[in-house]
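Residue 7 is where the sequence shown starts when you use this note's numbering, and the numbers rise one by one after that.
You may find that some hints are simply not true.
Okay, the calculated beta carbon distance ranges per label pair [to be verified]:
| # | residue 1 | residue 2 | range |
| --- | --- | --- | --- |
| 1 | N167 | H291 | 55 to 65 Å |
| 2 | L475 | F415 | 50 to 60 Å |
| 3 | P337 | D45 | 40 to 50 Å |
| 4 | F415 | E30 | 14 to 24 Å |
Here are the computed lysine-lysine pairs in the DSS-like style, where the Cα-Cα straight-line distance is at most 30 Å [stated by the list, open to error]:
| # | residue 1 | residue 2 |
| --- | --- | --- |
| 5 | K32 | K106 |
| 6 | K132 | K363 |
| 7 | K44 | K417 |
| 8 | K394 | K254 |
| 9 | K305 | K270 |
Derived by calculation from the structure, the hints in this document are not laboratory data. Cβ coordinates follow ideal geometry from the N, Cα and C atoms, glycine included.
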Amino acid sequence: MMNWRSVSAAVLVLAFSDATANGEWKPAGSPIATRWAKDVTPENVHAEYPRPQLVRQEWQNLNGLWEYAIQPEKESSPGTFQGEILVPFPVESSLSGVGKTVGAENRLWYRRRFSIPKSWRGKRIKLNIGACDWETTVWVNGSKVGEHRGGYDPFSFDITNALKGDGEQEIVVGVWDPSDGGYQPRGKQVRKPEGIWYTPTTGIWQTIWLEPVAVGGIDELRIVPDFDQSQICVTVTTTGDAEGVTVKAVLEDQIEVVSRAEGKASDTLILQLSNPKPWSPSSPHLYDLGVEIIGADGKVLDVVESYAALRKISLEKDASGAKRMLLNGKPLFHFGPLDQGFWPDGLYTAPTDEALKFDIEITKQLGFNMIRKHVKVEPARWYYWCDKLGMLVWQDMPSGDAAAPWDPFGKYDGKELTRSAESAGNYHHEWENILRALQNVPSIVVWVPFNEGWGQFETVAVTKRVQELDPNRLVNCASGGNDFPVGDI
Numbered sequence: 007m008m009n010w011r012s013v014s015a016a017v018l019v020l021a022f023s024d025a026t027a028n029g030e031w032k033p034a035g036s037p038i039a040t041r042w043a044k045d046v047t048p049e050n051v052h053a054e055y056p057r058p059q060l061v062r063q064e065w066q067n068l069n070g071l072w073e074y075a076i077q078p079e080k081e082s083s084p085g086t087f088q089g090e091i092l093v094p095f096p097v098e099s100s101l102s103g104v105g106k107t108v109g110a111e112n113r114l115w116y117r118r119r120f121s122i123p124k125s126w127r128g129k130r131i132k133l134n135i136g137a138c139d140w141e142t143t144v145w146v147n148g149s150k151v152g153e154h155r156g157g158y159d160p161f162s163f164d165i166t167n168a169l170k171g172d173g174e175q176e177i178v179v180g181v182w183d184p185s186d187g188g189y190q191p192r193g194k195q196v197r198k199p200e201g202i203w204y205t206p207t208t209g210i211w212q213t214i215w216l217e218p219v220a221v222g223g224i225d226e227l228r229i230v231p232d233f234d235q236s237q238i239c240v241t242v243t244t245t246g247d248a249e250g251v252t253v254k255a256v257l258e259d260q261i262e263v264v265s266r267a268e269g270k271a272s273d274t275l276i277l278q279l280s281n282p283k284p285w286s287p288s289s290p291h292l293y294d295l296g297v298e299i300i301g302a303d304g305k306v307l308d309v310v311e312s313y314a315a316l317r318k319i320s321l322e323k324d325a326s327g328a329k330r331m332l333l334n335g336k337p338l339f340h341f342g343p344l345d346q347g348f349w350p351d352g353l354y355t356a357p358t359d360e361a362l363k364f365d366i367e368i369t370k371q372l373g374f375n376m377i378r379k380h381v382k383v384e385p386a387r388w389y390y391w392c393d394k395l396g397m398l399v400w401q402d403m404p405s406g407d408a409a410a411p412w413d414p415f416g417k418y419d420g421k422e423l424t425r426s427a428e429s430a431g432n433y434h435h436e437w438e439n440i441l442r443a444l445q446n447v448p449s450i451v452v453w454v455p456f457n458e459g460w461g462q463f464e465t466v467a468v469t470k471r472v473q474e475l476d477p478n479r480l481v482n483c484a485s486g487g488n489d490f491p492v493g494d495i
């Protein structure tokens with residue numbers, strides 16, 4: 007099995023067009039720069055593979071310099087582009103090289119050119135965006151390929167039919183973001199930052215990239231640990247008709263194969279461990295996981311690399327009758343900070359992958375074993391470092407809409423909002439996308455749908471829905487007051 011952690015930088019040569027190679031870039035004015043800002047260049051910006059639990063060897067990174075324009079929201083397209091922006095840093099940030107606000111009255115536009123390698127012919131080409139805040143529309147060669155609403159959930163478009171046969175291709179992205187003027191999830195972002203409220207993030211703020219996917223290839227992995235049975239359970243979703251295909255999964259521990267399984271695409275593959283090594287903050291053991299699709303003709307259609315861990319989070323009463331949280335069947339007190347994930351130079355986007363890693367390392371060195379990721383969702387690599395370094399995560403849903411009457415000491419007091427149908431639907435859609443995107447992360451042990459009454463509505467139904475979608479983690483229905491008799495905490 008290949009070691010995906012060392013995916014060759016050679017594939018990144020595909021990523022940069024003439025615009026990135028020849029453009030001049032420097033940070034916009036900023037009162038504070040982190041130690042990692044000096045390491046940021048258009049040629050190396052977030053060059054790591056962005057999706058550690060579903061890795062393909064072939065990909066093309068579109069991070070780097072793009073053209074940008076800020077135009078009135080009602081205009082259908084930019085007349086001219088106004089300069090260059092370093093993607094994936096938010097336009098408001100210093101590291102974007104722009105440092106401008108956009109506002110609900112305007113729309114942010116991006117444009118760049120790219121080429122498709124000849125070796126990708128015969129496959130579907132997917133455009134992946136880690137996160138873009140908030141309402142995103144994408145065109146390729148003038149053809150609209152998709153729209154997305156959501157600032158925290160990853161999304162993809164199949165752009166194959168919009169591509170020209172050969173040569174240079176063009177991608178244009180338009181983004182509208184009302185920030186705290188809208189009902190959408192936004193966390194601590196406000197148009198007038200002060201106190202505990204911070205600068206908005208508009209547009210692309212996580213890695214954007216291309217990948218070739220075979221027809222009938224792997225679309226999604228569902229990886230569920232069964233600690234009590236010493237098993238890792240893997241379910242594969244394919245991109246098309248899976249009739250007659252075989253799915254094979256291999257689990258490795260330090261390059262030694264420890265389990266194999268195969269079956270149909272609709273099967274749950276059981277990877278049995280004879281010498282199980284549980285994951286915990288003190289011993290964050292990860293297994294390498296390889297999955298491949300074999301066609302009816304015996305040829306390999308698709309191969310992806312991932313990782314998994316064996317761990318269990320549960321509740322149990324102690325001798326005095328008090329409920330305790332257990333990790334792998336043993337009581338463990340969770341002790342950690344509220345991490346809001348803002349950077350002085352990159353805002354929502356860390357300057358480098360090393361900066362992401364450092365935050366988690368220093369948190370461990372300070373004696374904590376848990377981070378509550380507060381009203382923000384991080385890039386997938388942040389969770390990889392939590393998995394790798396051994397840091398428990400309580401994951402919030404970013405707050406949105408209005409604040410309910412808040413009682414920090416309220417217990418079962420029934421205080422919550424009544425949201426509009428559009429606002430409620432948007433919340434459910436994005437929250438379930440986030441749950442799906444993070445479902446395989448071993449370090450996440452608690453979901454937190456609401457914080458201190460902000461946007462809190464339908465608390466009982468929302469909590470029960472989370473438990474239905476993920477019965478293997480705990481749920482804290484509402485952190486910091488306005489509690490309801492539902493959930494685990």
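Unsatisfied constraints (hint numbers, rising): 1, 2, 4 and 7
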